[in-house]
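Protein chains in written order, with the working numbering: chain A, 782 to 1048; chain B, 2 to 329.
One thing to keep in mind: the hints can contain errors.
As the list claims (entries may be wrong) - Derived SDA-like pairs: lysine to any residue, alpha-carbon spacing no greater than 25 Å straight-line: (1) Lys26/B - Leu953/A; (2) Lys26/B - Arg872/A; (3) Lys26/B - Asp956/A; (4) Lys26/B - Ala957/A; (5) Lys187/B - Ser875/A; (6) Lys26/B - Ser1042/A; (7) Lys189/B - Tyr1009/A; (8) Lys26/B - Val15/B; (9) Lys925/A - Tyr1009/A; (10) Lys26/B - Lys925/A; (11) Lys26/B - Val960/A; (12) Lys26/B - Ala954/A.
Worth flagging that the hints you see were computed from the coordinates, not collected in a lab.
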Amino acid sequence: MVEGLRAYRMIAGMWIRSTMAYRASFVLTVCGNLMLTGLDFVAILLMFSQVDALGGWTLPEVALLYGLSATSFGIAQLAFGSVGSLGGRVRDGSFDTLLVRPAPVLAQVAADRFALRRLGRGIQGAAVLGWALVATDVDWTVVKVLLVPVTLVCGAVIFGSLFVAGGAFQFLAQDAAEVQNAFTYGGTTLLQYPPTVFGRDLVRGVTFVLPLAFVNWVPAAHLLARPYPLGLPDGAAFAAPLVAVVCAALAGAAWRAGLRSYRSTGS
Amino acid sequence: MADAFIELDGVEKVFEVRRKTGFLKRERRQVRAVDALSFTVARGEMVGYIGPNGAGKSTTIKMLTGILTPSAGRLRVAGIDPSRERTRLAHRMGVVFGQRTTLWWDLPLIDSYRLMHRMYRIPDARYRENLQRLVELLDLGELLDVPVRQLSLGQRMRGDIAAALLHDPEVLYLDEPTIGLDVISKTKVRDFLRQLNADRATTVLLTTHDLQDIEQLCSRVMVIDHGRLVYDGALAGLHEAGESERTLVVDLERELPPIEAPAPARVVRVEGPRQWLAFPASESAAGLVAQVAARYPLVDLSVREPDIEAVIARMYTERGGTPVSEPS
Chain A
782 MVEGLRAYRM IAGMWIRSTM AYRASFVLTV CGNLMLTGLD FVAILLMFSQ
832 VDALGGWTLP EVALLYGLSA TSFGIAQLAF GSVGSLGGRV RDGSFDTLLV
882 RPAPVLAQVA ADRFALRRLG RGIQGAAVLG WALVATDVDW TVVKVLLVPV
932 TLVCGAVIFG SLFVAGGAFQ FLAQDAAEVQ NAFTYGGTTL LQYPPTVFGR
982 DLVRGVTFVL PLAFVNWVPA AHLLARPYPL GLPDGAAFAA PLVAVVCAAL
1032 AGAAWRAGLR SYRSTGS
Chain B
2 MADAFIELDG VEKVFEVRRK TGFLKRERRQ VRAVDALSFT VARGEMVGYI
52 GPNGAGKSTT IKMLTGILTP SAGRLRVAGI DPSRERTRLA HRMGVVFGQR
102 TTLWWDLPLI DSYRLMHRMY RIPDARYREN LQRLVELLDL GELLDVPVRQ
152 LSLGQRMRGD IAAALLHDPE VLYLDEPTIG LDVISKTKVR DFLRQLNADR
202 ATTVLLTTHD LQDIEQLCSR VMVIDHGRLV YDGALAGLHE AGESERTLVV
252 DLERELPPIE APAPARVVRV EGPRQWLAFP ASESAAGLVA QVAARYPLVD
302 LSVREPDIEA VIARMYTERG GTPVSEPS
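Okay, chain A solo, but in the shape it has when bound (with noise of 0.2 Å):
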């Protein structure tokens, strides 16, 4: 684990001197990634000029729900969305050149091509984030407080683990990005909008089976004081860190079983 850190902070650092070496490509870049990204929110906006709530949810709750979606998105996608990529590197050839070297494998391929850019996402959803806060009809307690910084964290992990699981599962079908980013990519946009505009069917799958709920629905019902989504216990926000706990746990187990799985085969 602290190897791994060392060497993602390397590794990481590394790629971010480079691009800095071309700042005004990069402060093109991501305002470009904060404007495509923010794209998102504006088809938000434009429904709502249509209509007055969605699913009885305002526009600043949806914006609650989007801006709690979208950063922990962000931060995940900044830290392991290069793990997306390791099918390729599988199929290449090129990961074999990450085995001879003496440090955690995971962290090598999540820092490899370290992209600052992505950081635009992060922005983006921050900002609607933090207007949502102010707009929304919240009656603030420590806790509630408390829980905003907390929800993010684990959101973050719960992403983080699915672009890792994505990755494991690249070991033995290395053409299967594309699932990973219905999962990935496909999970944050379903997130932005609320749990009652869905089935009830899959609801409960994003609740119990791919546990994306937690990122943001379920603290954000508490947040506003709505009623859980599937008549979930009270206390089912505070239940996110141990939910990132496991999801982690889960996605590690997927890896090293994929990289185990690499090892015998090499292929």
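Start from chain A and add chain B according to the hints.
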């Protein structure tokens, strides 16, 4: 051998290959890439590891470096089991893959070296000293600020070799280090490896398709075919074992009847003024050239080395398929 640095005892690697035979139907087949492989390499030895494509060379290198886990058998490098203690061994070995780079493709060469410096925890003074020495020996001075993707194959190979040696590894694995290189680059790489082995006693194991690599570098050669070690000994012995022949190609001034060459050399082909003479690879070409030159009007000549595939094929056909080996 008391000072065995690399030890393999009955090492096997079996892959399971799944093949689609119909809708949802899969046929499973086991492929034995390496079969009961046993050998030892002493510290400071320089060994050539050769064999036809698909013989198991790369699989062996991947097991030695800890990339792949052996299916059976015992494998130790410097007393370490590579598949269990991959990162610990990584500090003590260097690897160069001829076909792909271990450098960071989009970054200048020097950035990769700086990262190696920190990743391998090389003390500052030693890093500076090694970098300076490698840059000088491998002629990398003007390439340090060039992104790796812009380097030519020969330049990249030298860059890769330097990267593999910055941390003073005790063993260096080279998988086809001269493949695709021009003559000058090949010579540079070979000269460097010879010097490395002489100066630092670095153990070197190299796979190659080029018999000249072996001839100029290795006192010992191991031949692997179908996952089995079929020869282990000196290169000269390999030529004898394979009864391989070299070819002397001569251009005469004019068309002449086949040259009456001293046995065992013989003319195998005549095409206008050009004639091909086969002679045992273990013999010197000088004597034959002198005798031919004394009696025939020579314009030009060249000597062709037997290729590994031909040598191995002959070992099989002429010895009835029994593996030949010689104690090293």
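Results of checking the hints against the structure:
| no. | hint | in the structure |
| --- | --- | --- |
| 1 | Lys26/B - Leu953/A | holds (18 Å) |
| 2 | Lys26/B - Arg872/A | holds (24 Å) |
| 3 | Lys26/B - Asp956/A | holds (20 Å) |
| 4 | Lys26/B - Ala957/A | holds (20 Å) |
| 5 | Lys187/B - Ser875/A | holds (24 Å) |
| 6 | Lys26/B - Ser1042/A | holds (22 Å) |
| 7 | Lys189/B - Tyr1009/A | violated (71 Å) |
| 8 | Lys26/B - Val15/B | holds (22 Å) |
| 9 | Lys925/A - Tyr1009/A | holds (15 Å) |
| 10 | Lys26/B - Lys925/A | violated (55 Å) |
| 11 | Lys26/B - Val960/A | holds (23 Å) |
| 12 | Lys26/B - Ala954/A | holds (17 Å) |
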